[in-house]
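So the sequence lines, in the order shown, correspond to chains G and L.
Each residue of the first sequence is one higher than the last, beginning at 1 in this note's numbering.
Each residue of the second sequence is one higher than the last, beginning at 1 in this note's numbering.
In case anyone wonders, no lab produced these hints; they're calculated from the structure.
Note that the structure is a prediction, hence the values are computed from the model and not measured.
Just to be clear, a hint being listed does not mean it is correct.
Listed below are several chain L residues computed to face chain G (Cβ distance under 7 Å; list not exhaustive) [claimed, not checked]:
{"id": "1", "residue": "ALA14"}
{"id": "2", "residue": "VAL20"}
{"id": "3", "residue": "ASN24"}
{"id": "4", "residue": "GLU25"}
{"id": "5", "residue": "GLU37"}
{"id": "6", "residue": "SER159"}
{"id": "7", "residue": "SER162"}
{"id": "8", "residue": "PHE177"}
{"id": "9", "residue": "THR220"}
{"id": "10", "residue": "ARG222"}
{"id": "11", "residue": "GLN247"}
{"id": "12", "residue": "GLN275"}
{"id": "13", "residue": "VAL279"}
Ideal Cβ placement from N, Cα and C applies to all residues, glycine included.
Number of protein chains: 2
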Amino acid sequence: MSPIKLPRLTKAIAPLTHEVVVVNEHGEATPISIPAERALTVYVDKRELVTLMTLGAHPELLVLGFLRNQRLIASVQDIESITVDWGVGAAAVKTRAGIDNIEEKTAKRVVTTGCGQGSVFGDMMEEVDSLVLPAAKLTQAQLYGIVNAIRLKESTYKSAGSVHGCALFKGEELLIFVEDVGRHNAIDTIAGWMWMQTEPVTPVTPVAGMTGEDKVFYTTGRLTSEMVIKSAQMGVPIVVSRSGITQMGHEVAQRIGLCTIGRATNKHFLCYSGQDRLVFETELAGVKLR
Amino acid sequence: MSPIKLPRLTKAIAPLTHEVVVVNEHGEATPISIPAERALTVYVDKRELVTLMTLGAHPELLVLGFLRNQRLIASVQDIESITVDWGVGAAAVKTRAGIDNIEEKTAKRVVTTGCGQGSVFGDMMEEVDSLVLPAAKLTQAQLYGIVNAIRLKESTYKSAGSVHGCALFKGEELLIFVEDVGRHNAIDTIAGWMWMQTEPVTPVTPVAGMTGEDKVFYTTGRLTSEMVIKSAQMGVPIVVSRSGITQMGHEVAQRIGLCTIGRATNKHFLCYSGQDRLVFETELAGVKLR
Chain G
1 MSPIKLPRLT KAIAPLTHEV VVVNEHGEAT PISIPAERAL TVYVDKRELV
51 TLMTLGAHPE LLVLGFLRNQ RLIASVQDIE SITVDWGVGA AAVKTRAGID
101 NIEEKTAKRV VTTGCGQGSV FGDMMEEVDS LVLPAAKLTQ AQLYGIVNAI
151 RLKESTYKSA GSVHGCALFK GEELLIFVED VGRHNAIDTI AGWMWMQTEP
201 VTPVTPVAGM TGEDKVFYTT GRLTSEMVIK SAQMGVPIVV SRSGITQMGH
251 EVAQRIGLCT IGRATNKHFL CYSGQDRLVF ETELAGVKLR
Chain L
1 MSPIKLPRLT KAIAPLTHEV VVVNEHGEAT PISIPAERAL TVYVDKRELV
51 TLMTLGAHPE LLVLGFLRNQ RLIASVQDIE SITVDWGVGA AAVKTRAGID
101 NIEEKTAKRV VTTGCGQGSV FGDMMEEVDS LVLPAAKLTQ AQLYGIVNAI
151 RLKESTYKSA GSVHGCALFK GEELLIFVED VGRHNAIDTI AGWMWMQTEP
201 VTPVTPVAGM TGEDKVFYTT GRLTSEMVIK SAQMGVPIVV SRSGITQMGH
251 EVAQRIGLCT IGRATNKHFL CYSGQDRLVF ETELAGVKLR
């Protein structure tokens, strides 16, 4: 076994909020915070690939997860380093051996739904039918734990609004919480973070990348086709949202047996698909309002 | 003067909502409506350009506005026809004389913020500084009229949730209201609709396309850089949102003197930029809560 070679990442820091003076309906000037939004142009081996608009909290993990979710690289070990410089708004990705057929892989364009990933390289739908999701369950108590953990989280959303939040849970344990102006960026950042973790298979043979099989993905945004597909690609079989679902998101989730839960606030939720993965404990739901 | 030649558009119809059975927190199965989400692949003169994910309410106007807002065509008269067939999920665009340098125009990619246009061809920011917005004002009473008109609107959002709404107003008169799973689609559809209108300059010389100078653009979504830029490109100098603003949206709006108003619900709002365009009538705001 050769040792795992994780990429070197900078930790570029930039303010996440910005103060502006606004005028309200009474004609009063008031200072408020608004979220940052920055352009980050990604260069792979000195070749310009794409410009991402981001809050800027975890730019290196965002770029890593973007390359992963766009299926441009197959392993985290293919990347030698990601260097972000906010002074010029650039992320320089250095690969160990280049990316095969990058022109071909970036040729097909899909402008996806709303807050979904703005654009995907290649056709994610083609992959869907080959995905096999692991058996995994979530209890209603754990679901309430997840909703409560999100509620308690200090966030840019609370101070400045106008951002989406995504999180990864193991049961009801919060592993990582990411906010961005686009929820596609937030999920990509989580994908990048998962790749940077190592899990021991045996004490001497660690494996690069955290698996999704016993994880739950949370998003404040809607469950569009793209969010469902990305979650499945990351191997995460259960997705929870504060918001609703679209028809294509629902169809894809049903096809691959992914459990989708939406409108999750306080004790309320709707389970749209994969109901067999949710262990109902309806006595926890409280009194029914009729 | 040669007569205006508007493109021929099909009127492809598909259901906007879909009924599914969900299970709630009490373990009860209930039917609910969710919004449709469809893939529409755009072919320009038989060449595949892009796939848009859309609710599907006005696919022909969406495609027309997409081509307009991406700056792929300069005039509505450059298009001979747009034919949408939901059976195959395709929109066939026939131009009168082709699109010059289409490869070059579609080479640069920006994945924009969240619900913003997923991807833009070319660099919209480059154009921003050349934009000159017309003098236009909105009174606080008109603003309240806009918020109220939106509130009263029957919509897919009310029946199924999970869609964004955009609208175009002249003063407080609602001209068009569009919903889509992505707000970038909704604004593109409005841009397409504006191009299909004709305004008489003199009774004998009509002009293709409605101008934006005396219009107000409304969106349920956030005012990201892209939404601000698109509004400015359409010549609309005042934008109202139910949601907030990002730092780049704010900076761009200030630079070009665009009036941005957010958090507009009931009597409350915040004016982020271009305050000189808003005629305050603070006596309409009611009693201040302290």
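Each hint tested on the structure:
no.	hint	result
1	ALA14	11 Å, violated
2	VAL20	6 Å, holds
3	ASN24	6 Å, holds
4	GLU25	4 Å, holds
5	GLU37	4 Å, holds
6	SER159	12 Å, violated
7	SER162	4 Å, holds
8	PHE177	17 Å, violated
9	THR220	11 Å, violated
10	ARG222	5 Å, holds
11	GLN247	4 Å, holds
12	GLN275	5 Å, holds
13	VAL279	11 Å, violated
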